[in-house]
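Student: Top line first, the protein sequences correspond to chains A and B. Just so we're aligned: the first sequence equals residues 3 to 209 in our numbering. Just so we're aligned: the second sequence equals residues 3 to 209 in our numbering.
By construction, these hints were calculated from the structure, which means they are not laboratory data. One thing to keep in mind: the hints can contain errors.
The calculated label-pair distances, taken between Cβ atoms and stated as ranges, are [unchecked claim]:
1. A:Ser168 x B:Glu114: 39 to 49 Å
2. A:Ser10 x B:Tyr122: 14 to 24 Å
3. A:Cys150 x B:Glu173: 18 to 28 Å
4. B:Glu114 x A:Ser14: 30 to 40 Å
5. A:Ser10 x B:Ala82: 19 to 29 Å
From a predicted model like this one, the values you see are computed outputs, not experimental measurements. A virtual CB, placed ideally from N, CA and C, is assigned to each residue, including glycine.
2 protein chains.
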Amino acid sequence: MNLQLTASDIQSLDKRYRANLINGLSGFKSANLIGTKDHDGQENLSIVSSVVHVGSDPSVLGCIFRPNIVPRHTYENIMATEYFTINHIHKDFYQQAHQTSARYPKNVSEFEAVGLTPDYRGGILAPFVLESQVKIGLKLVETYDIKCNPTHFVIGEIVFIELAESALDDEGRLLIHQIDTVAISGLDQYHDADILGQLPYAKPDSK
Amino acid sequence: MNLQLTASDIQSLDKRYRANLINGLSGFKSANLIGTKDHDGQENLSIVSSVVHVGSDPSVLGCIFRPNIVPRHTYENIMATEYFTINHIHKDFYQQAHQTSARYPKNVSEFEAVGLTPDYRGGILAPFVLESQVKIGLKLVETYDIKCNPTHFVIGEIVFIELAESALDDEGRLLIHQIDTVAISGLDQYHDADILGQLPYAKPDSK
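Given only the sequences and the hints, what does the whole structure look like? Please build it.
Tutor: As structure tokens, then:
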């Protein structure tokens, strides 16, 4: 049986039910930890599922922040220091990564609270996650205040990458299923993935 | 062995290699088909991996478009008609979905070219994909022109949803691994996913 919902059906759903449903609609989401530090040296770590590829020349990633909800210290630190790190979440620490979504006070380092290790490299001010096999250092380039709700779309340029060489193929493809990077769906479901196939560049006359 | 790349290392990579690498860095991506129609009735269907959750009140999704590359007809149609559909890609038709990324001329319907079925419902002007088990109808609300590269961030409000009731749990969670929704990584890798766990809402004193 198929369920159909109109705009007014959606608006009248219970708030929690709607949050679960709408968060699941986009499909599988990336699972990353964002590391930042404020000007007093306080480290912060926050799980995000909204990192998205924006372009490869220049090499830029974007992320949606809802500063009134969880990663507000993260957003504030990026605005203040202009640096942040994005670190893949893997199967062996996804539960610790999820725990960073708790509302810890600003003077608590989520690294310490959940048992992950801050690590510095490449001259980047923000901390990386030592346990992560894909570590990306970024510098803020642009931020857009979304009008229809209190969120921000933040774009950073990739200025440092560290990853396991064994996860790269000869043409630069990162085989993230081989390093147990996880995917998120909805607000609280975690997944691992298997490869179905790598498909050739599509042309109108191919089939 | 870990590979480290600085900003200048990244900039000096071969263009194709860099595109593969940077496209893989964000982690797993959503796999969706966007359906649109122009004012002359010409249908268009385009695979996108950049749909991202923006908020659930109002219920809005965003998507990055690179109009100079593939889904340019999609972007033009959304700007002209203000309506589009987002449809999950499942394991049984991911190869057909990938084929929509070929550069067909504007007068060719990708539905017809790849063998998927346009379907209309909910009074939405844009076509849905009949074969998809999660069909979302959206109305354009905002668009942002990204400054650092020629892309647009387009936000639509969800005005219609159709999905299999069996894929929903009692609290509104969509169990997309049960309906074989696929995930993308990089430019050309397709994955299916298994659930690792559903975790409780995190609080500072939970562990």
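Student: If a hint holds in the structure, say so; if it does not, say that too.
Tutor: Do the hints match the structure? See the list:
1. A:Ser168 x B:Glu114: 39 to 49 Å: Distance hint for A:Ser168, B:Glu114 holds at roughly 43 Å.
2. A:Ser10 x B:Tyr122: 14 to 24 Å: 20 Å Cβ-Cβ, so the 14 to 24 Å window holds.
3. A:Cys150 x B:Glu173: 18 to 28 Å: Since the Cβ atoms of A:Cys150 and B:Glu173 sit about 25 Å apart, the hinted range of 18 to 28 Å holds.
4. B:Glu114 x A:Ser14: 30 to 40 Å: holds, 38 Å
5. A:Ser10 x B:Ala82: 19 to 29 Å: holds, 26 Å
When held up to the earlier numbered hints, the structure conflicts with none and fits them all.
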